[in-house]
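Enquirer: Here the protein sequences line up with chains A and B, keeping their order. Using numbering that gives the first Met the number 0, the first residue of the first sequence is number 0, and each one after it goes up by one. Using numbering that gives the first Met the number 0, the first residue of the second sequence is number 0, and each one after it goes up by one.
To be clear, the hints were calculated from the coordinates, so they are not data collected in a lab. Given the structure is predicted, the values throughout are model-derived calculations rather than measurements. Just to be clear, a hint being listed does not mean it is correct.
Computed beta-carbon distance windows for the label pairs [what the hints assert, rightly or not]:
| hint | chain 1 | residue 1 | chain 2 | residue 2 | range |
| --- | --- | --- | --- | --- | --- |
| 1 | B | Thr387 | A | Ser300 | 50 to 60 Å |
| 2 | B | Ala181 | A | Val282 | 52 to 62 Å |
| 3 | B | Glu101 | A | Asp382 | 27 to 37 Å |
| 4 | A | Phe189 | B | His12 | 46 to 56 Å |
| 5 | A | Leu434 | B | Thr387 | 21 to 31 Å |
| 6 | A | Phe189 | B | Glu263 | 55 to 65 Å |
| 7 | B | Asp246 | A | Leu140 | 52 to 62 Å |
| 8 | A | Arg191 | B | Ala87 | 38 to 48 Å |
| 9 | B | Arg191 | A | Thr127 | 17 to 27 Å |
| 10 | A | Phe189 | B | Asn423 | 43 to 53 Å |
| 11 | B | Pro308 | A | Asp246 | 45 to 55 Å |
Glycine is no exception: its CB is placed at the ideal position from the N, C-alpha and C atoms.
Protein chains: 2
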Amino acid sequence: MISRVMSAELAEHAGQRVTIAGWVHRRRHLKSVSFLVVRDRTGLAQAVTGPNPPVGDLLAQDLPAQDLPAQDLPAEESVVAVTGTVTASPQAPGGYELVAPEVEVLAEPRTAPPFDLYRPIVGATLPTVLDHAPVALRHPLLRAPLEISAASVAGFRETLDRLGFTEIHTPKIVASATESGANVFGIDYFGRPAYLAQSPQFYKQAMTGVFERVYEVGPVFRAEPHDTVRHLAQYTSLDAELGFIEDHRDVMTVLREVVAGMLESVRRRAAPALDLLGVEPPVVPAEIPAVHFTEAQRLTSSGEPDLAPAQERWLGEWARREHGSEFLFVTGYPMSKRPFYTHPDPARPGHSNGFDLLFRGMELVTGGQRLHRYEDYVRALADRGEGTEAYEGYLQAFRYGMPPHGGFALGLERWTARLTGAANVRQSTAFPRDLHRLSP
Amino acid sequence: MISRVMSAELAEHAGQRVTIAGWVHRRRHLKSVSFLVVRDRTGLAQAVTGPNPPVGDLLAQDLPAQDLPAQDLPAEESVVAVTGTVTASPQAPGGYELVAPEVEVLAEPRTAPPFDLYRPIVGATLPTVLDHAPVALRHPLLRAPLEISAASVAGFRETLDRLGFTEIHTPKIVASATESGANVFGIDYFGRPAYLAQSPQFYKQAMTGVFERVYEVGPVFRAEPHDTVRHLAQYTSLDAELGFIEDHRDVMTVLREVVAGMLESVRRRAAPALDLLGVEPPVVPAEIPAVHFTEAQRLTSSGEPDLAPAQERWLGEWARREHGSEFLFVTGYPMSKRPFYTHPDPARPGHSNGFDLLFRGMELVTGGQRLHRYEDYVRALADRGEGTEAYEGYLQAFRYGMPPHGGFALGLERWTARLTGAANVRQSTAFPRDLHRLSP
Numbered sequence: 000m001i002s003r004v005m006s007a008e009l010a011e012h013a014g015q016r017v018t019i020a021g022w023v024h025r026r027r028h029l030k031s032v033s034f035l036v037v038r039d040r041t042g043l044a045q046a047v048t049g050p051n052p053p054v055g056d057l058l059a060q061d062l063p064a065q066d067l068p069a070q071d072l073p074a075e076e077s078v079v080a081v082t083g084t085v086t087a088s089p090q091a092p093g094g095y096e097l098v099a100p101e102v103e104v105l106a107e108p109r110t111a112p113p114f115d116l117y118r119p120i121v122g123a124t125l126p127t128v129l130d131h132a133p134v135a136l137r138h139p140l141l142r143a144p145l146e147i148s149a150a151s152v153a154g155f156r157e158t159l160d161r162l163g164f165t166e167i168h169t170p171k172i173v174a175s176a177t178e179s180g181a182n183v184f185g186i187d188y189f190g191r192p193a194y195l196a197q198s199p200q201f202y203k204q205a206m207t208g209v210f211e212r213v214y215e216v217g218p219v220f221r222a223e224p225h226d227t228v229r230h231l232a233q234y235t236s237l238d239a240e241l242g243f244i245e246d247h248r249d250v251m252t253v254l255r256e257v258v259a260g261m262l263e264s265v266r267r268r269a270a271p272a273l274d275l276l277g278v279e280p281p282v283v284p285a286e287i288p289a290v291h292f293t294e295a296q297r298l299t300s301s302g303e304p305d306l307a308p309a310q311e312r313w314l315g316e317w318a319r320r321e322h323g324s325e326f327l328f329v330t331g332y333p334m335s336k337r338p339f340y341t342h343p344d345p346a347r348p349g350h351s352n353g354f355d356l357l358f359r360g361m362e363l364v365t366g367g368q369r370l371h372r373y374e375d376y377v378r379a380l381a382d383r384g385e386g387t388e389a390y391e392g393y394l395q396a397f398r399y400g401m402p403p404h405g406g407f408a409l410g411l412e413r414w415t416a417r418l419t420g421a422a423n424v425r426q427s428t429a430f431p432r433d434l435h436r437l438s439p
Numbered sequence: 000m001i002s003r004v005m006s007a008e009l010a011e012h013a014g015q016r017v018t019i020a021g022w023v024h025r026r027r028h029l030k031s032v033s034f035l036v037v038r039d040r041t042g043l044a045q046a047v048t049g050p051n052p053p054v055g056d057l058l059a060q061d062l063p064a065q066d067l068p069a070q071d072l073p074a075e076e077s078v079v080a081v082t083g084t085v086t087a088s089p090q091a092p093g094g095y096e097l098v099a100p101e102v103e104v105l106a107e108p109r110t111a112p113p114f115d116l117y118r119p120i121v122g123a124t125l126p127t128v129l130d131h132a133p134v135a136l137r138h139p140l141l142r143a144p145l146e147i148s149a150a151s152v153a154g155f156r157e158t159l160d161r162l163g164f165t166e167i168h169t170p171k172i173v174a175s176a177t178e179s180g181a182n183v184f185g186i187d188y189f190g191r192p193a194y195l196a197q198s199p200q201f202y203k204q205a206m207t208g209v210f211e212r213v214y215e216v217g218p219v220f221r222a223e224p225h226d227t228v229r230h231l232a233q234y235t236s237l238d239a240e241l242g243f244i245e246d247h248r249d250v251m252t253v254l255r256e257v258v259a260g261m262l263e264s265v266r267r268r269a270a271p272a273l274d275l276l277g278v279e280p281p282v283v284p285a286e287i288p289a290v291h292f293t294e295a296q297r298l299t300s301s302g303e304p305d306l307a308p309a310q311e312r313w314l315g316e317w318a319r320r321e322h323g324s325e326f327l328f329v330t331g332y333p334m335s336k337r338p339f340y341t342h343p344d345p346a347r348p349g350h351s352n353g354f355d356l357l358f359r360g361m362e363l364v365t366g367g368q369r370l371h372r373y374e375d376y377v378r379a380l381a382d383r384g385e386g387t388e389a390y391e392g393y394l395q396a397f398r399y400g401m402p403p404h405g406g407f408a409l410g411l412e413r414w415t416a417r418l419t420g421a422a423n424v425r426q427s428t429a430f431p432r433d434l435h436r437l438s439p
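Only chain A is shown next, with the shape it has when bound in the complex:
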């Protein structure tokens, strides 16, 4: 390994001669001294050449690029190893800087980045960012959502591991569409037609018969014909399913633990990213408020059998105002609006034991209790005018005894976007796939 200390560890090496390594984040020349700011995975460190101490906070001073004469310091995004003596400097990032530096260039960039990575704000449009993701994501503000995303997933798994769940990996190539016949990508599977899985729904249910409690973190695929700020053709689905429940409320209890665990993990693992973005993660109430769909309809004066985005937003405001909660469950969605595997509410004909979790007025999680008896599946499919042929592999589990069960699916990109306040879900994934975008 290249022998080095990380920029965040400089203080521990005061007075020593050490090597840091990373990318040239910024170079800057003053009358008598020059600064080289190096970015590594822990943050920024500066090296200073010349006899004088730094005359100000270099990072806070965001001079126009033309003020920076190109001298003999390596260009921005050069990969460098810088050896110098660690010296206290109140103006340097972390309070220490390297003096009397020797700079070794490990790799030179061929091209300047499409926008300046050192500026505190991102001076490029979203399409430019996405077209140049491999370099654009080096900007601390663009990298931060991905750190929050990684910390969120770690918290998802940590919580479910603690609750006795087992991680599974299920097929992404399937013989028939899972969620609906539409919006599915076709694939040539050794000369046979097959599809990309729209969810691990059938498999996680089947594995509930094996492990009782399972989760999967994996890609799902939707051939979304809509070009919106909240749809992707591939996204990361955080799926969980558990058996031996009374009804959907047990699923909601687990989901509340999961969301709290994800936020706790983000606070613990991604604090610098939260600080950088100015994000304060919300507090999850001990019990997340819940309204029944019919009540949500009444509150939003809606007569429709589903909630439109504007109504979800209104409900998000209402939950904050009335319950002091950023989260709101909507329960009892009409059976007609839920997939065929949804368990009906025994007490309210036409309504389901299915729920959505709204986060700041946007649907974040869909879940519910599922049917668990074979004959109920046959009837549910018949009621929708479908036979069981296409679902035989799926229905197999239910022939052999399945416990009452339910689960949920949370879209990682939507979660991260909502948490960080990003307007577009494409800002919370490295290489989005959509109607128009297949590269990089």
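Take the given structure of chain A and dock chain B to it, following the hints.
Expert: Only chain B this time, still in chain A's reference frame:
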């Protein structure tokens, strides 16, 4: 949640009246008593009806099925909740059983399993097992490899998290083939041709420019035309990539930590599965022995530019004999046998800084140092008669300064199969995909 205690917790409730819930694993009738063995996610528990204590170890007695008169106990694989008084019984699993039981049936099976799940061995062929995976995987012997698999992945992530790696999620739908033009699944992407990713190779390299150290656990897809015991059309790839290395040996050092961490996690998290399968995880030497490819050729008297499976097996035996190691690195593979992104060995023309890790004589991991300079990629592609057009998205990262880096990919199913001694990689995944199999 259905109020219950787990079978493994019975001892903590001695003398109390409690409810367990799970599947009827086996029922058995003797002259004066009947036994109902219930399986839940923590193991087995038995309930006994009638006045007499059990007369022997029920589980050890594997009487033919016809010896079991079908009486009024629910059939095998019924989902039940059994309430009874926890009573010490030396012959019962865990030393306690439920007496004076009341049995509630939560779901009845419609069909008997294709083979008896309670027998200590699996009385079915692999195709029968795979065709009936949702029920077959309930057999403790068939479930155990999946528990070991989950524990292995947890150890992979745990080790890399500790070493400062960041988890990423990358596109599985790509514009051009990553590893080679062959063995790739085509997909209709909104009317455009696209492919399923054969590896996250290009993306994990690009993200090394962002986070320095990254990993991904995700599906990869290979349109393998070969019907062998070690190939799957979809498998779970454990990928890692790190920057600021000297050469491939730094990657090997990290890989050694990862393999040790995976095995430690398996011992800690999946001890019952190991016991059940009679598996003793191997010890990883502080330094895994390594032989150069030319030396491996000499040892196996091979003149070929690659190692055949028989030679790998021979080397596995040799490593055990000579070094007391189940693991062996083979380094310095010929450049002609490695992908174009492989870094050459500066000291040995024609050889690479690429390596394989053999585990018990079978290739388990491929890795190495990669090229990191844009012009080296252009030259490497030209040397293979290829232009850069198809790789522009990939090569973008290298235009902007990339550190010396390398990484590796480990196939989860192969790992689990090798660890558990399974003859076929299909025994270490729930729902394998291959040339012939697309369901369940």
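Enquirer: Okay, which hints does this one fail, numbers in order?
Expert: 6, 7, 8 and 10
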